[in-house]
Amino acid sequence: MILLSLDHVDPAAFADRTGWDAKPQGMCRGEVCVPAPGAVRDDGFLDVTTAAQRLGMPIVHDEAHGVWAVGPATATGRALSTATAADPELITRDGNPFRLSSLHGRKVLLVAWSSY
Amino acid sequence: MVTVALDIKPEHTYQWIDAATPTHPSLIDTAHMTDELFGFVNIPMAVWIDETGTIVRPAEGASVERSPLRDMEIPEGLPDRLDRMFREVKKIPDDAESYRAAIVDWVANGAESRFALSPEEVVAQSQPRGDDEARAAACFELGGHLLTHAPTAEEGHEAAVPWWREAHRLHPANWTYKRQAWTLVTTLEGATENDLMQGPNDVYVGNWLDDVVAAGGGEAYTVVARL
Chain A
74 MILLSLDHVD PAAFADRTGW DAKPQGMCRG EVCVPAPGAV RDDGFLDVTT
124 AAQRLGMPIV HDEAHGVWAV GPATATGRAL STATAADPEL ITRDGNPFRL
174 SSLHGRKVLL VAWSSY
Chain B
855 MVTVALDIKP EHTYQWIDAA TPTHPSLIDT AHMTDELFGF VNIPMAVWID
905 ETGTIVRPAE GASVERSPLR DMEIPEGLPD RLDRMFREVK KIPDDAESYR
955 AAIVDWVANG AESRFALSPE EVVAQSQPRG DDEARAAACF ELGGHLLTHA
1005 PTAEEGHEAA VPWWREAHRL HPANWTYKRQ AWTLVTTLEG ATENDLMQGP
1055 NDVYVGNWLD DVVAAGGGEA YTVVARL
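Those protein sequence lines, which keep their order, are chains A and B. Just so we're aligned, residue 74 is where the first sequence starts under the numbering used here, counting upward by one. Just so we're aligned, residue 855 is where the second sequence starts under the numbering used here, counting upward by one.
Calculated from the structure, these hints are not laboratory results. Please note: incorrect hints may appear among the correct ones.
[Unchecked claim] Covered by chain B, according to a simulated footprint, are these stretches of chain A (three or more residues, beta-carbon under 8 angstroms):
id : region
1  : 124-137
2  : 150-164
3  : 167-174
4  : 177-187
Computed from a prediction, not measured in an experiment: that's the story for all the values here. Glycine residues also receive a C-beta, built at the ideal position from the N, C-alpha and C atoms.
Could you put together the complete structure from these sequences and hints?
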C-alpha cells in the first residue's frame, strides 16, 4: 500500500487495499483477528506503524520522494493469512474498476498472465 | 474465468487482450497487488475461488494448454544464449492435461471435488512469506509508484530501479518482479512487443537465463500444482 503520509491513514482505505479491517478485537481479515491495541487513534485515523508492526508488515520509505509503502502481513508465514479471497480494485481493458466480489455466487478461476 | 495481467504499463496488454477477444473479465493489475494478495510469483499462475469468495486452491502454476515450446525441436545453429534458453524452457513442468481435468472436476463437483482444499490447507499450501518476501513486495510497489508518478519517464525509471533491485535481492523467486523490471530495460525502443529474452543488461544484476539456471533450471521455474 502506497502512502504519502503516515499521519492520516484512513482505516477504511487501509482495509480496502490490504484486506485488514480495524475492529474492536484487533486487525481482522476474514475470520482471522490479530490483537492490535492502539492501532486506531482517538482521532479515528490508523496508527499505521502500530498496525503494521502487529501484522508483521514492513514499511519502506523513499525519503527523497516522500513516499512510503506498506508490505503484506507475515503473520502466518505464508502468502495467505486466510482463505477469504482478497478483493482488490483492478481495472478492465477499458480502464473501468472491477472487483472480484462482483462475481460472488459463481466459481472464479483467477489466472495471472503478463505481456512480458 | 477471470484473467489478470500483471503489467505496470496497461498499454502493453492491449494488443494481447484485443487479439483474444475474451468473453470473460480480462483485468489488469498495474501495481502487482495480486502478487502479494494471492501469492502469485510467476505467470501463468491461478487461484480457485468458490461461490462464497473463499479460495479453494492457492496460487500455483496454471497451464491449461501445454506450450508447444516444451516439445519443440531446437533448431541447429542458434546463438548460444538462445539455444540455452530454449533448453531451459523445454524443462519447465507443464502438465496441462491434469490441471485442466482438475478444473473440470471442481466445476462439476464443487466442494466435493478432491481438488478443492480446506481453508487450512489453502493457507498452508500458499507461497512462503517471511520478512524478506514481504519487504520485497513493499519495495516493488514503491518502485512502481515512483515509475508511474514522476514528471518524466526517465526520472521515474531512475527512481524505481534501486527499489526494484532490492525487491529482486529480497525475493529472487518472484519472477514477475524480475521479468517486469528486466523487460523495461531490454525491450528496444519502438518495439511492438516486450522483449521476452530479458538478457544481460547494465541496470540489473540478473537476467532471465542466468537467474533460471541459478535457481535450479527450468524444472524449478514454476510452482507445480500439487494435484
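How the hints compare with the structure:
{"no.": "1", "hint": "124-137", "in the structure": "holds (count 7)"}
{"no.": "2", "hint": "150-164", "in the structure": "holds (count 14)"}
{"no.": "3", "hint": "167-174", "in the structure": "holds (count 4)"}
{"no.": "4", "hint": "177-187", "in the structure": "holds (count 11)"}
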